[in-house]
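Participant: Position chain B relative to chain A; hints supplied.
As given, the protein sequences belong to chains A and B, one line each in that order. Numbering-wise, UniProt numbering puts 74 at position 74 of the first sequence, and it's gapless, one number per residue. Numbering-wise, UniProt numbering puts 218 at position 218 of the second sequence, and it's gapless, one number per residue.
Any given hint could turn out to be false.
[As the list claims (entries may be wrong)] In silico lysine-lysine, DSSO-like type, Cα no more than 30 Å apart, as pairs:
#	chain 1	residue 1	chain 2	residue 2
1	A	K194	A	K205
2	A	K194	B	K194
3	A	K194	B	K205
For the record, the hints were derived by calculation from the structure and aren't laboratory data.
There are 2 protein chains.
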Amino acid sequence: MSRVAALYPNDTVTLREVGLRDGLQLVKTWPSTAAKRDWITREYDAGVRRFEVGSFLPAARFPQFADVGALIEQIDGLEGASSAALALNERGASDALETPLDEIVCVVSATEEHSQANARRSRADAVELIRTVVRLRDESANRPIVNAGIAMAFGCSIAGAVDPAEVLRLAEACLEAGADIVGIADTVGYAGPKQVGDLSAAMAKLCGGRAFIVHLHDTRGMGIANASAALDAGARVLDGSLGGLGGCPFAPGATGNVVFEDLVYLCETKGMRTGIDIERLTAVREILQSEMPGEHLYGSLVRAGPPPNLAWRP
Amino acid sequence: MSRVAALYPNDTVTLREVGLRDGLQLVKTWPSTAAKRDWITREYDAGVRRFEVGSFLPAARFPQFADVGALIEQIDGLEGASSAALALNERGASDALETPLDEIVCVVSATEEHSQANARRSRADAVELIRTVVRLRDESANRPIVNAGIAMAFGCSIAGAVDPAEVLRLAEACLEAGADIVGIADTVGYAGPKQVGDLSAAMAKLCGGRAFIVHLHDTRGMGIANASAALDAGARVLDGSLGGLGGCPFAPGATGNVVFEDLVYLCETKGMRTGIDIERLTAVREILQSEMPGEHLYGSLVRAGPPPNLAWRP
Chain A
1 MSRVAALYPN DTVTLREVGL RDGLQLVKTW PSTAAKRDWI TREYDAGVRR FEVGSFLPAA
61 RFPQFADVGA LIEQIDGLEG ASSAALALNE RGASDALETP LDEIVCVVSA TEEHSQANAR
121 RSRADAVELI RTVVRLRDES ANRPIVNAGI AMAFGCSIAG AVDPAEVLRL AEACLEAGAD
181 IVGIADTVGY AGPKQVGDLS AAMAKLCGGR AFIVHLHDTR GMGIANASAA LDAGARVLDG
241 SLGGLGGCPF APGATGNVVF EDLVYLCETK GMRTGIDIER LTAVREILQS EMPGEHLYGS
301 LVRAGPPPNL AWRP
Chain B
1 MSRVAALYPN DTVTLREVGL RDGLQLVKTW PSTAAKRDWI TREYDAGVRR FEVGSFLPAA
61 RFPQFADVGA LIEQIDGLEG ASSAALALNE RGASDALETP LDEIVCVVSA TEEHSQANAR
121 RSRADAVELI RTVVRLRDES ANRPIVNAGI AMAFGCSIAG AVDPAEVLRL AEACLEAGAD
181 IVGIADTVGY AGPKQVGDLS AAMAKLCGGR AFIVHLHDTR GMGIANASAA LDAGARVLDG
241 SLGGLGGCPF APGATGNVVF EDLVYLCETK GMRTGIDIER LTAVREILQS EMPGEHLYGS
301 LVRAGPPPNL AWRP
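Okay, chain A solo, but in the shape it has when bound:
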């Protein structure tokens, strides 16, 4: 079995916890390294296996990710767990390849406008960067999988509407450049379930038997409905963050990623086993509450818990 199929089989649901990366991208305070380790350990004990833990960015500008290497080392020691981290340029990728990382995440914007504003490069250059990262990866000892995430895939805060055909074209270009897996991201929470279902179905077709990732934000309350539509359309890998951490710089007042706990509950009610114990998972919110007291935590399941008097898993 290929390494990507081992990490992301397409016949069962896999949830990626991106709180340690996307959730900390914009915050002013963040957990200590010890608290982050505890976050990982306790989520691992709850059954979480796929962790996105940071970005390979200059620590002077992004001090919240200065400990990314230490977290990757930690996860390397956890049986069955895998680590992912962002690399936004060749330098970041080289740094990443010196760690025992399992998955290196690159980003391509769905629109030329966002690509230039966010990464100061064209979309074509972003695809070329993936090709370079794949080459560097192939020359490295560790050989993590390469994940190409398409940002603004459902609408762009700068360019507005995004043609799904353009997203599919970019997804194909990323795969052609050697990416092992592609993701579609609703970066600013513009999508509704019909749009997510339609693009997920097209991605499932494009990717054949391979898995793809759906990364959702709950900016307008559609997060769980969008996740449900993605699953119905054949998506099997979804991102979320504990407590819905992760605001967006382009949408003031907006919430962050779709809430991981609620996502687990959604999958389980659909009869899709996540391997995650919801009560142990929600208890990990304590770490965020004590380490990031200024951050509002989201999530609905935590208020009432699963139905107490029936077998709610079909």
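Facilitator: Frame of chain A, contents of chain B only:
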């Protein structure tokens, strides 16, 4: 066209605002009659047409509904608008029939246990009450439609799991007793989207070309995903309450009804026109904020508003 088909056509989506009834059922403070009138007027101006405005219950025990008749009179004067109100016994139905009410709502529990605990009658007696209400209605001058809502249709806080076949049997019994329309209610927010989609599809089949109502609570964050699944399965009439008002006595800490504003947005993103102006609608929350300052208002769309730079209605 029958009166029920005029109120609830099955070829377009209709949203019922139940905040003035379900939203006020358990609160300790409630808006003045003047503020309730303002709530109705402003929602009407935003495009809302179906209002559930209270219950015909003894005013001594339920003072929040003492003005139900005045609100029904108000709505009677609004072109194209209709009023619904609960009647839980023959006395309530008789009182209701003395007003220009458009829709009288009766409740049947999906489980014998909840029926006895909540209404002190068997389910069979609840169905017989519908037959009586239909007869009283047929003898009345006003002739509102009769709506039979099946509470606990997706799981019961007392009895636990509920067999969907039992819900369908009850729905059929209500129609046989003369109900013009039947609803399925997730009273304690137990349902997930698969369950809601499956039962909605079965209800669509049972009801043939007639509409049926889906009444959801957002207790565990599945409200909008459940609504989306109901719509996908053919449901065309959904309940919601402004700001998600409406806690549940059986689920401490739980939120109330699915948020009306988010429900409007969901429908519109699916290309289903509601006729409701979202910005004017969300502005009506001001009334709840000033009249019920102790109540937590829910809703996600209100934080960010619809996507600002694209045509998000397909």
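Participant: Compare the distance between the alpha carbons of K194/A and K205/A with 30 Å, and conclude whether the hinted pair is satisfied.
Facilitator: 17 Å, holds
Participant: Between K194/A and K205/B, does the CA-CA distance stay at or below 30 Å?
Facilitator: 23 Å, holds
Participant: Between the alpha carbons of K194/A and K194/B, is the straight-line distance 30 Å or under?
Facilitator: Answer holds: K194/A to K194/B is near 16 Å, not above 30 Å.
Violated hints for the displayed structure: none, as all numbered hints are satisfied.
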